[in-house]
Amino acid sequence: MPALDSLPASLAHLRAIATPIPDYRTIPFDIPALDSRLAGGGLRAGALHEVVARTCSLADDAAATLFLAGIAAREARRSGGPVLWVACRSDLYAPGLAQAGLTSADVIHALPRDDETLLAVVEDAVRDGTPSAVVAEVARVPMVATRRLQLVAADADIPVLLLRRRRRRDQEPLGEPSAAWTRWRIASAPSERLTVAGVGRPRWSVEVSRQRGGEPFSLIVEGCDETGRLAVPAAPGRRTAAAVGTARFAAA
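Residue numbers (numbering that gives the first Met the number 0): 0 to 251.
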């Protein structure tokens with residue numbers, strides 16, 4: 000019947016007009032399983048976002064670093080501006096960042112003497128408006144500083160991406176209060192077995208522990224490619240690839 004034939008289109012239209020349109024620019028991951036769980040359909044561009052490696056292991060630390068590098072690389076490609084990477088230690092591995100789409104030509108590296116100076120450098124750079132994105136590695140961030148960074152990021156429409164470092168092995172950085180728009184835990188996950196000898200594309204456990212206007216969730220993704228883009232594993236096998244709610248130790 001004609002009326003029934005038009006029902007799916009009518010329902011889709013109702014869903015579309017019922018979904019609020021965000022009044023800010025977003026950075027989509029172009030992965031429906033991820034974007035659909037983020038308020039606004041992607042990562043808010045002009046906002047503060049915090050990421051922490053789930054454990055102190057080098058594998059988790061690398062996953063968290065490359066996760067941020069991929070976001071920054073996509074913004075650099077969109078705007079044509081440089082990425083400011085601020086850290087109190089000089090241990091960036093340029094070939095690793097390039098594998099996530101962030102070449103050395105795209106990066107300005109600042110090396111402040113302490114966290115307090117680092118936060119001031121980040122705020123000044125965002126107010127200046129030159130970077131396409133700012134990545135900052137920091138161990139100590141007062142609540143008032145996160146409020147200031149959130150405000151200047153929203154003003155400039157520039158993403159400020161904080162990689163929170165542990166001050167102690169047993170310290171949980173995301174246990175501290177923050178005004179960040181989203182807070183993430185990133186960990187390495189077992190990669191897909193290959194039919195030939197070699198190493199498969201890395202996989203990461205990506206967990207949003209808190210986001211404004213949305214629920215926490217976790218997802219297994221394939222790590223950034225040379226364009227900074229993630230992917231969803233094509234064959235998750237018998238294990239759960241995605242879960243609604245906070246899954247602290249998901250695996251592919």
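Hints are supplied without guarantee of correctness; some may be wrong.
[Unchecked claim] DEER-style ranges, computed between Cβ atoms: (1) A109 with R192: 39 to 45 Å; (2) R209 with R126: 35 to 41 Å; (3) R77 with H108: 16 to 22 Å; (4) P81 with P176: 28 to 34 Å; (5) R126 with P21: 20 to 26 Å; (6) M142 with R192: 42 to 48 Å; (7) R200 with A138: 43 to 49 Å; (8) P141 with P189: 33 to 39 Å; (9) G213 with L150: 19 to 25 Å.
Treat the hints as calculated values from the structure; they're not laboratory data. The structure presented is a predicted model; accordingly, all values stated were derived computationally and were not measured. Ideal Cβ placement from N, Cα and C applies to all residues, glycine included.
How the hints compare with the structure:
1. A109 with R192: 39 to 45 Å: holds (41 Å)
2. R209 with R126: 35 to 41 Å: Given range 35 to 41 Å: violated, Cβ gap about 26 Å.
3. R77 with H108: 16 to 22 Å: Cβ of R77 to Cβ of H108: about 21 Å, so the range 16 to 22 Å holds.
4. P81 with P176: 28 to 34 Å: Roughly 31 Å apart at Cβ, these two residues keep to the hinted range, so it holds.
5. R126 with P21: 20 to 26 Å: For R126 and P21 the Cβ distance comes to about 23 Å; the hint holds.
6. M142 with R192: 42 to 48 Å: holds (45 Å)
7. R200 with A138: 43 to 49 Å: violated (31 Å)
8. P141 with P189: 33 to 39 Å: holds (38 Å)
9. G213 with L150: 19 to 25 Å: holds (21 Å)
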